[in-house]
Each structure stands twice: as structure tokens, then as C-alpha cells.
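Protein sequences, first through last, are from chains A and B.
With the working numbering, the residue at position 105 of the first sequence is 105, and numbering never jumps.
With the working numbering, the residue at position 510 of the second sequence is 510, and numbering never jumps.
Hints were generated in silico from the structure; no laboratory data involved.
The structure displayed is predicted, hence computed values, not measured ones.
It is possible that part of the hints are untrue.
What the hints assert, rightly or not - In the DSSO-like style, the derived pairs of lysine-lysine whose C-alpha atoms are separated by at most 30 Å in a straight line are: (1) Lys87/A <-> Lys115/A; (2) Lys4/A <-> Lys15/A; (3) Lys115/A <-> Lys170/A; (4) Lys53/A <-> Lys87/A; (5) Lys127/A <-> Lys4/A; (6) Lys170/A <-> Lys574/B; (7) Lys15/A <-> Lys458/B; (8) Lys153/A <-> Lys170/A; (9) Lys170/A <-> Lys431/B; (10) Lys458/B <-> Lys501/B; (11) Lys87/A <-> Lys153/A; (12) Lys576/B <-> Lys87/A; (13) Lys431/B <-> Lys53/A; (14) Lys87/A <-> Lys4/A; (15) Lys170/A <-> Lys576/B; (16) Lys574/B <-> Lys356/B; (17) Lys127/A <-> Lys501/B; (18) Lys15/A <-> Lys69/A; (19) Lys576/B <-> Lys127/A; (20) Lys431/B <-> Lys127/A; (21) Lys431/B <-> Lys87/A.
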Amino acid sequence: MSFKVIGLNVQSGGKNILTNISFTLGAGEVITILGSNGAGKSELVLGIAGVLKIGAGQVVVDGTDITAKSPDIVRAAGVAVVPEGHKVLTQLTVDENLRAAGSLRWHDIEANLHKTYERFPELADRKTQLAGTLSGGQQQMVALGHALMSAPKYLVIDEMSLGLAPLIVKRLFGVVHELQSQGVGIVIIEQFTDLALGVADHAVVLRGGRDKYNGPADILLANPEQLDEAYFGTGHKRTIT
Amino acid sequence: MNTHLFHVTRSGAAGLLFAAFACLIVPLVVGSFWLSVFTSTACFALAAAGTAFMYARLGMVSLTQVGLMGVGGWVMLRLNYAYGLPFEVNLILASLITMIFGMILALPALRLRGLYLALVTLMAAGGLEIIFATFQFPNGGGGFWGVETGRTPFMARPIVAVSDAAYLRYTVCVTTFGFLLIEMARRLNPGRAWAMIRRSEAAAMAAGINVTLYKTIAFALAGLIGGLAGGLLAGSLGLLDGGTFRASESIMVFALTVVGGARYWLGVVIAAALFRIVPALLNNWGVDADLSFVIFGAGLLHAVITAPNGIAGQVLDVVTKKAAKPTPSIDPSQISAPTVQTAKTSDSTIEIDGIKVQFGGVLALNNVSACMAEPISGIIGPNGAGKTTLMNVFSGFVASKSGSISVDGFDLGSLSPHQRSEWGLRRSFQKEEISEDLTVAENVRVQIDTTRQSAADKKAEVARALAYVGMTTKARTSGADLNTFERRLTDIAKCIVGAPKLIMLDEPAGGLSIQETNALGDLILGIHAQTGAHVLLIDHDVDLIARVCSQTLVIDFGVPIAFGPTHAVLSDPKVKAAYLGTEEFAS
Numbered sequence: 001m002s003f004k005v006i007g008l009n010v011q012s013g014g015k016n017i018l019t020n021i022s023f024t025l026g027a028g029e030v031i032t033i034l035g036s037n038g039a040g041k042s043e044l045v046l047g048i049a050g051v052l053k054i055g056a057g058q059v060v061v062d063g064t065d066i067t068a069k070s071p072d073i074v075r076a077a078g079v080a081v082v083p084e085g086h087k088v089l090t091q092l093t094v095d096e097n098l099r100a101a102g103s104l105r106w107h108d109i110e111a112n113l114h115k116t117y118e119r120f121p122e123l124a125d126r127k128t129q130l131a132g133t134l135s136g137g138q139q140q141m142v143a144l145g146h147a148l149m150s151a152p153k154y155l156v157i158d159e160m161s162l163g164l165a166p167l168i169v170k171r172l173f174g175v176v177h178e179l180q181s182q183g184v185g186i187v188i189i190e191q192f193t194d195l196a197l198g199v200a201d202h203a204v205v206l207r208g209g210r211d212k213y214n215g216p217a218d219i220l221l222a223n224p225e226q227l228d229e230a231y232f233g234t235g236h237k238r239t240i241t
Numbered sequence: 001m002n003t004h005l006f007h008v009t010r011s012g013a014a015g016l017l018f019a020a021f022a023c024l025i026v027p028l029v030v031g032s033f034w035l036s037v038f039t040s041t042a043c044f045a046l047a048a049a050g051t052a053f054m055y056a057r058l059g060m061v062s063l064t065q066v067g068l069m070g071v072g073g074w075v076m077l078r079l080n081y082a083y084g085l086p087f088e089v090n091l092i093l094a095s096l097i098t099m100i101f102g103m104i105l106a107l108p109a110l111r112l113r114g115l116y117l118a119l120v121t122l123m124a125a126g127g128l129e130i131i132f133a134t135f136q137f138p139n140g141g142g143g144f145w146g147v148e149t150g151r152t153p154f155m156a157r158p159i160v161a162v163s164d165a166a167y168l169r170y171t172v173c174v175t176t177f178g179f180l181l182i183e184m185a186r187r188l189n190p191g192r193a194w195a196m197i198r199r200s201e202a203a204a205m206a207a208g209i210n211v212t213l214y215k216t217i218a219f220a221l222a223g224l225i226g227g228l229a230g231g232l233l234a235g236s237l238g239l240l241d242g243g244t245f246r247a248s249e250s251i252m253v254f255a256l257t258v259v260g261g262a263r264y265w266l267g268v269v270i271a272a273a274l275f276r277i278v279p280a281l282l283n284n285w286g287v288d289a290d291l292s293f294v295i296f297g298a299g300l301l302h303a304v305i306t307a308p309n310g311i312a313g314q315v316l317d318v319v320t321k322k323a324a325k326p327t328p329s330i331d332p333s334q335i336s337a338p339t340v341q342t343a344k345t346s347d348s349t350i351e352i353d354g355i356k357v358q359f360g361g362v363l364a365l366n367n368v369s370a371c372m373a374e375p376i377s378g379i380i381g382p383n384g385a386g387k388t389t390l391m392n393v394f395s396g397f398v399a400s401k402s403g404s405i406s407v408d409g410f411d412l413g414s415l416s417p418h419q420r421s422e423w424g425l426r427r428s429f430q431k432e433e434i435s436e437d438l439t440v441a442e443n444v445r446v447q448i449d450t451t452r453q454s455a456a457d458k459k460a461e462v463a464r465a466l467a468y469v470g471m472t473t474k475a476r477t478s479g480a481d482l483n484t485f486e487r488r489l490t491d492i493a494k495c496i497v498g499a500p501k502l503i504m505l506d507e508p509a510g511g512l513s514i515q516e517t518n519a520l521g522d523l524i525l526g527i528h529a530q531t532g533a534h535v536l537l538i539d540h541d542v543d544l545i546a547r548v549c550s551q552t553l554v555i556d557f558g559v560p561i562a563f564g565p566t567h568a569v570l571s572d573p574k575v576k577a578a579y580l581g582t583e584e585f586a587s
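Only chain B is shown next, with the shape it has when bound in the complex (with noise of 0.2 Å):
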């Protein structure tokens, strides 16, 4: 994991070096059957890096993309009979009016996840089987379709590559640039969306991003890769057939890409010498290349069962042997918050009024409303009492059915959930939202993504985040390596960059111990100092509430049972009878 755009990792370096070798030496060393077999295996290793990076950087199944493939094929035929441009012209053609393509057939998708995502894909390449297989491709005929039968198709070749040896060079020339411009985008603004989406849509939302966008980026960047696998495999074979964009081929090289390993370049082109070069070598020896399939399967199994990074991933285990030592888990006591603290710094307020939130029959929260003025305000209340509920009509999430929720006299209501974070609303999670596919700065970076700001100013900023919380030893630790306390820090440095107004924090110092709890607290308190933000703290410690918040509201059952300062709240018997017990609470 690397921020640097240029930064050439070791696994990057060995696929730099394997496609030099698959450029240079292969082409000299093959015959002819085998030089066009080597030529599709580059084709689909290009575009089932399409479909890799989907499902391990979004973690979105998409079952077009053969079929993608196909209409980038159709495209480049039919741009090869009608006029005479030249093949690069018509490569490039080809691969964006697939990426519109890619884009209209994400249109349905984009508001579907998982499973239904998957079938809608799957549907998507039915139709494209079904158009593939009436109409043909195009050889050289009339009309629109181009289809004549019994005539024999000329495909033009690049100038520089019109033998086939030259072709395969070329081929897996334009394929290193597809896995470059993946690895590029997954490097920049979208790779770290990807990466929250992936965690969950909600925490990308309140992390500013626009999950729509970010989204259709994607599938536009596999449609693009996907048109420029059929447009090259078009040049190679200068016909195609339909039979060789089944949907059920889609399948296969989502289910290859899985057994090869889709985080990685290796396992793409694992997953393309699978699909390709093992029918073809069963076919020498003179095996039914059916057999194939039953190895396929074979694959599968062992990724199922052994292999959840794929045989990339085994390999990866081997060579590197995870040399990297780690560094020491952070202790909160050596957390130094500032001493300036809680200084109220300006006359802000936030008004919730009269908020009701129906959940088919369960009114979940039914006419709260609190004008809170102090910086640091807490809510407090059973399980269940909504106060996650309310957080989240803050967010954007839930809609209330009246009333409004506005921050000296801005209202919420207009503002869509990645609108409200450019505005400066955050957020922290129950459950904490830390992707494990960024490091610990880039975890943070992303809150900033969208800002006008340089990207020296946005670095610099997320440095001094992280030095609030004294996470600076960790900047560079993937977010899979942090224990729960240095999640819970992360949250808070995402929480304080980009000029926020308004940080709500739900249950931070759940799962921590007394001393982590007020190493927290210590950082909660210095917030507004540091921001001028106001903070909203739910959290069920009585007394990390009772020692940062100056006022605090009670819910249960969705009603407001008490607001004021903290110390009046928790010594009101309705808040004891509900929430705390019977016991006397010492504030």
C-alpha cells in the first residue's frame, strides 16, 4: 500500500519485469498457434483486471464483463469496415464507447449491492449473448451489422504490429497500460473511496464521498478496460464469434479471478492462463479441453477452502514471509492532549426541533427537540432509545417526517449525507469504520479528498490530525493492523481534519479500557479548542459523559426525558429510574 502515484513496489516491479519477458523473449521462443494463444490469454488477463479490481477494491460482483468485451469487439470490427482510421483510432473508439456502455448498464446497478448486483451483471451479459448470437459480429458486409455470409473478413493491424509475433508485443504493451491506469486510479481520490465503500456506503457517505459518483467511476473504468480487451482480441483474430461472449464465460473469469487472486496482478494473469492456456495445452496433448472446467472447479474449491487471497496470495505469504515488524501498539499514556480545554470559542448553536422518525409501526423517535449551545454536548438513554437513530437523521441517513435540525441557523434538511460532510459534519460509528485496505493516513486523507485544497495543505493537515491523537508512529500502518483503541484515535483524527462545524461521535470508548477511556477523553475535551467545533458524544461510560459533556439530553422510548446540564441530568430520579439504576452517581 503506497500513496506515492510513481512508488514501484516489489510486486509491481516483478510484473513490470514479467511483462518485459512476456514482450521480448515469448514472442521469439513460440510458434504460431501458440503466439495467438498467448495473445488472448493477454486480451482476458486485461480484462479480467476489470473485473478484479470490482470485486477486491469495491468489493462489487460484476458478471458483464465478457460481455463488455464483446461490444468493444463489435465496435472495433464494425469501425474496421466502415472506415479506414487507423487501428489505435479505432482501439480507442472502441474501448470509450464501451465505457459508456459500461456506464448506461450501471445506471440499475448502482443502487444495488451484493447479490442482486451480481444477477443484474449476469442478466445484462444475457442480453448481450442473446444480441451477440442473432446479429453477429461484423465481417465486412452491409448495413448497419455489417454481416454478409460467406465473405471473408480483412482486419487491419497496428502499422507497427501486423505480424502476429509483433501483435502479441503490442497486446501485452496496451495490457500493462490497463493494469498501470487501475493501479493509478486505486492509488488516487478514487482507490480511497473504493476502499470505504468497500467498509461500508454509510461511512464513505459521512466520509464525503459521493458513493454514486465514485461508483459509475468504476464501471466506467471496467467497461473502458473491458472495450480495449475485445477491441485487441478483435485485431488478433480478425473475427469473432459469438460463443466466445457467453454469459456463463463471464462467470468463469469472475470465479478464475477468485481462484488467481484479485488483489493482485498476479492472480489476473493466473485467472487469463487458466481460462486460456490450459484448454489450448489439453487440446495438444490430445485431452478433451472440457477437462478444463474440472480443474477450474478443482481451483475454486482450494481457494475456497485454503486460499482467501487466491494463489497470488499463497505465493505473496511465501516470497515475502512478512519480514515487516511491527510497530508498538499505542499506549494512552503517553497521549498529551493540549491543556487549553473546552474554552468556549464561539456562540454556535445546534437546534433539533421537534424530530419524529417512524419506522413502520415503531415511532423511533417521536418530537425531540434540544437547542444545545455548549461545545461539547452528550445523549444518553437505553438500548434502543434512538439516539443512534438521531445521529443518523444528522447524517442524512433517516429522514425525519418533521421538524428540522439546524447549525446557527443553517439547515441540515438540504443537504444530501456527502453535501453535509463537505459542509463539516462527522461522524464516528458504533461499530468503528476503518477501511483495512488504507493506511492509517490515507484512512484519514480521504475525509479531505474533496476540499480545494493543495495536496501539500491536505498532507500537512492529516500530519497534525494525527499528531493530536499521537497516532504519527502509525500514519503508515494499514488500518488491518490497528487494535481497537487505535481505531477508535483514527476516528477521531478523521473527525478533526477539513474545518469541521459539527463531530458526532457515537459510543467512541466502546470496547476500551478505563485508562484508553480517558486518554479519549482528554482528546474529546481539547476539540473545540483545536476546531471550533461543537461535539455530540453518545456513549454509555456515565463518567466519561459526566467529565466532558457540560449538557447532555436523555432519550428512552424516543422520547426526550431530560435535558440540561450534566450534572442536573444525572441526578434526575426519571433518568435513574430509566437509564442508570438506582444506585447514586457521583459526578
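Okay, chain A solo, but in the shape it has when bound (with noise of 0.2 Å):
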């Protein structure tokens, strides 16, 4: 049971983005993928997600090969997605936004949406509330409630910190520990690094898309100047105050 992302080379405007990145996820791991803007993270979400063209390599899902794939295959195979910047459905209710998610999965919608309430509390109490009127934090948990909704195996989770205060940052962070205590498999974009090294099993750091670090992540968390090498190459020394 795994999630294998092997050799992959994503491409945008026939032009190579990522070249040969390899990882591979087990139930209940968590992976960050690290990386300055323009390293290639978000490319290497959407060529996952299918939405960029794959010019080599494979994606690989307990046996499953979602190589480039439609989102809805890549759902299907246990894989959700969670994007960038808290997206909700702003003019439907809470209830309504993770019943449209669920949707896919109608057979157990009450089950799923009876858990992810439990999972947010906090989204229960506002079940009859316009998603467009909810705080940032409470968005992204409606974000996160719609890939939960699809019960993944696998959760791919993009930014999710960015633009929320501290506090809802680590209410959003112990959830994904409860997730990978129940099995799921994570792998997280994060511009918080110490954050996310603390959940990782497995760190990738990009720079101009390929891996410049590829392994444990308590190493990284060990040792800031590999950190530091990784997204800067051995050019440059540089002290973070």
C-alpha cells in the first residue's frame, strides 16, 4: 500500500518544470515538499493532480498507475487534493459546500460528513452558514473537509498554513497528525518549514526543479545549514536570524 511518484518530469509550455523527482508515501507518512517560489511545488501538485502534462516518469497509487489521468481517476484511486488558498463554493452553505464534495461518493455522504463534522467541531456549529462568510481558518477547514469527504487514502495538502493565524496553523496541523495516526498518507507543501519538518517522516527540498535533498526529515530539522544548502545550492553562506 503505497503512493509512488517515480522519476517524474513535469511539463508546462513543452518545457521541462520538474525533472526526475521520486518519492515514495506509505499509509500514515507524512511527506513535505519544500522549496523557494518558483522551485516547482505547485507543479509538482497539479502534474499529480493530472492538470500539467507528464513528460516522463510514473504516479502510482497501491498498484494503481494515475500517470496524468483525470482528476476524477485520481479521486477515484484515493487521492485528494486539497489546493492552494483556502477554495470554498463562498455562495453555499457549509453543509451544502461538503455534501457538492461528497457527491462522488454518494453511498456514504452521511458517514463521511458525520466524521468530518466530528473532525471540525467548529464546522458543525456553522452547518447553515454561507462558506463565503466564514474566517480564513474555518475556509480551509471547509477545504480541508471536502478532500476528507472523498475518505482518501492519500491527501495532497497545498499551502495550508498560508494566510492563517498561529493558532488556527496548529489547530490545522494537529489534524493532520490525527489523519496520519489514522493511516492516512500526507504530503504537505508548507512555507512554514520547521512546522512541517516536525510532522515529516520524509522531506524533499526542490530547487530550479529537481531535488537537492531527498530524505529523512529529522536530518533537515537536525541541521538547518543542509537546509539552508539544499535551497540555496553551496554557493552561498547565509545565517537565518
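Two chains, two frames, a set of hints: combine them into the complex.
See below:
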């Protein structure tokens, strides 16, 4: 049971944006993808989700090849993607948002809805509120709820803490931890490196479309200079203040 | 994209060559029927250019263009029969009157956007259609309307272009002039203002752009162009028929401009060719000309599905093949902010006094007061607490029910948003507002377009600001090709040009990596020494706030819960409970 990315080249406009990216995510594991802007993090997500063109390589989920498949096939294989920027259907209520997201698995929609409200009691209190009137943190919970409504085995979360207050970020990282302990494999892309490395088993640092580090997360957490080197290369010396 | 007024791009050169071909060769080889078709095509290309720039440059859908052509044609005929003035004088008067007409039509439209604007302009076109159908076009009769049945009209043509062939040449020249006029406006202040308006009206106002003025200029230019086209068409045909200027034709011209590609001269020419030449060809072959509607429909489907930039965009993609090599991304470790940092250079203060904002039944801000004297102050609080609303009060986008905001005793309340920018208020937005139609340098230049400096000074100031944020190598890069970090840097550059007094940054570190945030922090720390301006910073990156802000205001549910030196505020139990969470925070 694993989510495998094998030698993936992702293309955009006929050019390779990412070259030869590989990692393996097991059940209950967390992988974090790090790197500065333009390194190719979001392109990796879009490549996995089948939005961008794949030049070479494969994405295999539990033995099923989902390389460059359409989003519904990717989701049916057990992979849910939470896009950047807490995207919700602003003109629908919280309940309608979650039901809309769950409609692909309509036979167990009530069970998944119940589980999602259990996970986010904040949302259970606001079932009839329009999603557009929620705070940023609550919207991100709805966005995560969208993904959880398909009871995914693997979750890809892009910039989970973007624009959110520290209290909410901690709350959401708690949810990631919970999901992980329940056996969900999670890929997270995060600007707060320390938080991400804190929960992750494995880290991939991208620079210029290639992986400059691909290994255990705790090594990077313990050696910030190695993280720095992966970000910038050996040419620079920079102290983080 | 080019800032030089007289620079001829390759596409522009191709356009001029095409115009020369249409002017010199075409009249020699075609018969009188096609001369008339091509003349009318050139007229509609001119009119469509007005619709096209409104759509592609401002993002406004105007469906009155063919109606305005009718106005130009009506005035042209009226003048022709009333006074024996030369053709050129009549043409200029017809364009100017249509321009004023277009501006009057624009008045109700200025507050509207999107679908509503399209509907209002369509109704105006419908009104004109009824007027034309009722009163018809002058044919030399008496009275104001000048209509007399059975009269053979006589339309004077320019002395230099009496024959049909010469008149086609004349029309092509005037049409080319119209295209160049639009291109000139696009390369000067109006073009930069339009690009910002297209991006976001709030961002445009924050950049000091008088949105109403520049929208009016756009309507005026479209009216002028439409009047010119109508006048030329009247000169070609000698008599006009209300059926030519129906509201539905305006929609057709707009749709065909989208099919052709509204951003390019070629797209507009393709639109006019589809509109006039295709039906004529079908007629020639003995096929019902209404078949052209099927072709238009197919073209529109094609544009919607596969060609967002129209046929012209596709042609250009094939011809240019994206030869440009991208400049490497900006590396945060290469940005060196000046070493002089946060030394306080003035005693000025920002006084926020009893601000109260209500949205419906919700108090978004309730009695927020603070007196900020330090160069850099932070504002933090949970999502939805009212931080951005407070910045919107500063910007003048949201009115406070009571209270005031003053800087050094000067009350900002009396100024409109763009006047606040002229005064020295700068801001960046949560979602960066970089126009993708402009280069990095142009994006910064917009901010100081209204100041009274020489063009050379403005250029030097933009270069200085870009050098400060380390974006010199990207000055000529299109906004569309920037990553998030580079967009944030461009935002900072935009904030420091033109003698700023107060700079507000709304979550500038959102989406940035730690290394990028550090580089951004260095730049923010240097702003006061560089410009003397106060900086107000909203961000959720508490490390950044702790590092750069000497004092911080914390808002929760619209109420200030703490204000003071940043390290004291961050260890306040109330702040920990509402915002930070229970863990200790090292500052």
C-alpha cells in the first residue's frame, strides 16, 4: 500500500519544469515538499493531479497507475488534493459545500459527513452559514473537509497555512497528525518549514525543478545548514536570523 | 510590451506593411464591388478596434460601438447637407460629437462592471437603433432630421479621394491612424492606468489612479474611433440605412473581436473581415449570406474552447515560437538590504482614533484607537478580526462611522482613495495586485504617473526602487512571468516610489519560504531609512513581526486587545489565548 512518484518529469509550455522527482509515501506517513517560490512545488501538485503534462515517469497508487489521469480517476484511486488558498464555494452553506464534495461517493455521504463534522466541530456549529462569510481558518477547514468527504487514503495539501493565524495553523497541524495516525498518507507543501519538518517523516527540497534533498525530515530539522544548502546550493553562506 | 512611444514592434511592423499593401496594391487589382466591401471592412475594423481595446486593456465589455458608428455617420451626413464644409472638417466634427456622445453614455456606466456594464451599453445601442429606425439618416431633405423621401442623396468625398479606389486608400490611412492612436494611448499613462483598472479597481485607486477619469478617457476614445468609422462609412456609401447599426450588430462585432483576438491588430482585422468579407463572398457564390452566422458561431466556439487569445493569438504563437529566454528567478540570498536600518528619522505619528466600521449588523471594527510613533508597527490578530478592514479605512475604501485617522495631525478622512496615494499613502494587498499586462518597471511606474516630475526623473526613481528590492534584472519582464516572491518584491518597489509617508503591507510574506521572508524582512527594515515613511505591517508570520516591528497592535473580533512594544504584546496572555496558541513564543 503506497503512493509512489517515480522519476517524474512535469512539463509546462513544452518545457520541463520538474526533472526526475521520486518519492514513496506509505500509509500513515507524511512527506513535506519544500523549496522557494518558483522551485516547482505547485507544479508537482498539478502534475500529480493530472493538470500539467507529464514528460516522463509515473505516479502509482496502490498498484494503480494514475499518471496524467483525469481528476476523477485520481480521486477514485484514493488521492485527494487540497489546493492552495482555501478554495470553497462561497455562495453555498458549509453543509452544501461538504455534500457537493461528497457527491462522488454518494452511498456513504452521511457517514463521511458525520466524520468530517466530528473532526471539525467548528463547522458542525455553522452548517447553515454561507462558506464565503467564514473566517480564513474556517474556510480552510471546509477545504480540507472537501477532501475528507471522499475518505481518501492519500492527501496532498498545498500551502495549508497560507494567510492563517498561528492558533489556526496549530489546530490544522493537529488535524494532519490525527489523520496520519489513522493511516492516511499525506504530502504537505508548507511555507513554515519548521512546522512541516516537525510532522514529516520524509522531506523533498526542490530547487530549479530538481530535488536537492530527498531524505529523512529529522536530519534537516537537526541541521538547518543542510536545509539552507538544499535551498540555495553550496555557493552561498547565509545565517538565518 | 514596450514603454518607448515610437518603438516599432515586429507585430507593429507587420501591421504597417499590411496597411501599405491594402493601401497600394489592393485598389489596383479588385473591381468596384470589392472596393466597396473592403472600404466597409476597413471602417468596421476601425470601429472594432474601439471595442477591442476596451475589452482587452480594461476588461470592459461595451456593446454600443456600432450604435456610436451610426451617430458618427448621422452627424457626417447632416453636416454634409447643411454646410458646404470640406470632408475632413466634417469627419473631425463627427468624431468629436460622437466622442462627447460616448462620454455621456458612459456616465451611468462608470459605476458598473462586467455583465451590468455590458447590459447598460447594450440598452444604449438599442435606444440608438430605435432612433435611427424612426428618424432615419439625412439624405438632403429639410429640417433638423433632413429626411425627404425619394430624394437622391449627394455625398461629397475628400478632394484627394473622389474615386472608389482612392477612397479605399483614404479609409485605410485613417483606419491605420486610429489604430496608432489607440496604441499611443496604451503606451502612455492611460494604458498603464487601464492595465491596473483591469487588474483591480481597488489596487488602481491605491496606486493613485483616478479610476473614473481613466474610464471616461477610454469611453471617449472608443467614441472618437466609432465616430470616425461611422463618418468614413457615410462617405463611402453616400447614404446610410438604420439596419446597418442595429444593437445586434454591436454584439456581433464584439463576439468577432473575441474570435479574432482582441489584444492584437490582426485580431481586429480578422474580426472585420469575418463580419464584412465572409457574407460578401457567400453572396458572390450564390449562397445565402446568413450562412455566415453559422461560421461566426463555429469561430466563437473555437475561440472559447481552444484559443483564449483568438485566432491572432494562435497565429502569433506559431510565428514567434516563444524565443525569449527567461531571466533566472530572483534568489533571496542575493538581495542585500542597506545596513542602516530603522534609525528613526522623524517624530511623526499615526493616530488612529475611535474607528468604528459596521457591515450590516456586524461591528467589524469597534472603537479602535492607537497612536503609533515607531517607524515600523505591526497589526496582528485572528483571521476575520478586522485587520484588513482597518487598512481599508486607511485607504478610503471603507468609511468609518466615527473617529478619524491622522498622520502628523493631518486628517486623511477628507481625501478620496487616489488622492491619499498622491498624499503619500502606499499599500500592498493580501493577494498581490501586479498587472500581468505591464512589465515590472511599468507596474512600479503607475504609482508615480500623476506626480509632477520629469519623465527622466520618474524613470530614475523606478530604477532606484527596483535596485533596492533587487529586481533590476527583471525590470523589463512581464508581470505575468513573475513568481510569488518576485510579485511581492515588485509590490515593495511600488510602495517606496514617489515620497511615501505611510506604507501599509497586508500579509507580504504570505506564500514565501523562510529564506524569502528573511530577505523581505531586511527590505522592510530598511524602508524607513530609505524613504522616511512609516510602515504598517499585517502578517501571520510572528517571527517576521517580532523581528521588524517595534510596536504591535492586536485586534480580535474588531476590538483592540493589546497594543505596545512587540515583545510585551507577544507574551500577553490575552494575545496567546486569542491568537498565538498556548505555547511560549520566543521573541
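Worksheet item: Which numbered hints does this structure break?
Response: 5, 7 and 17
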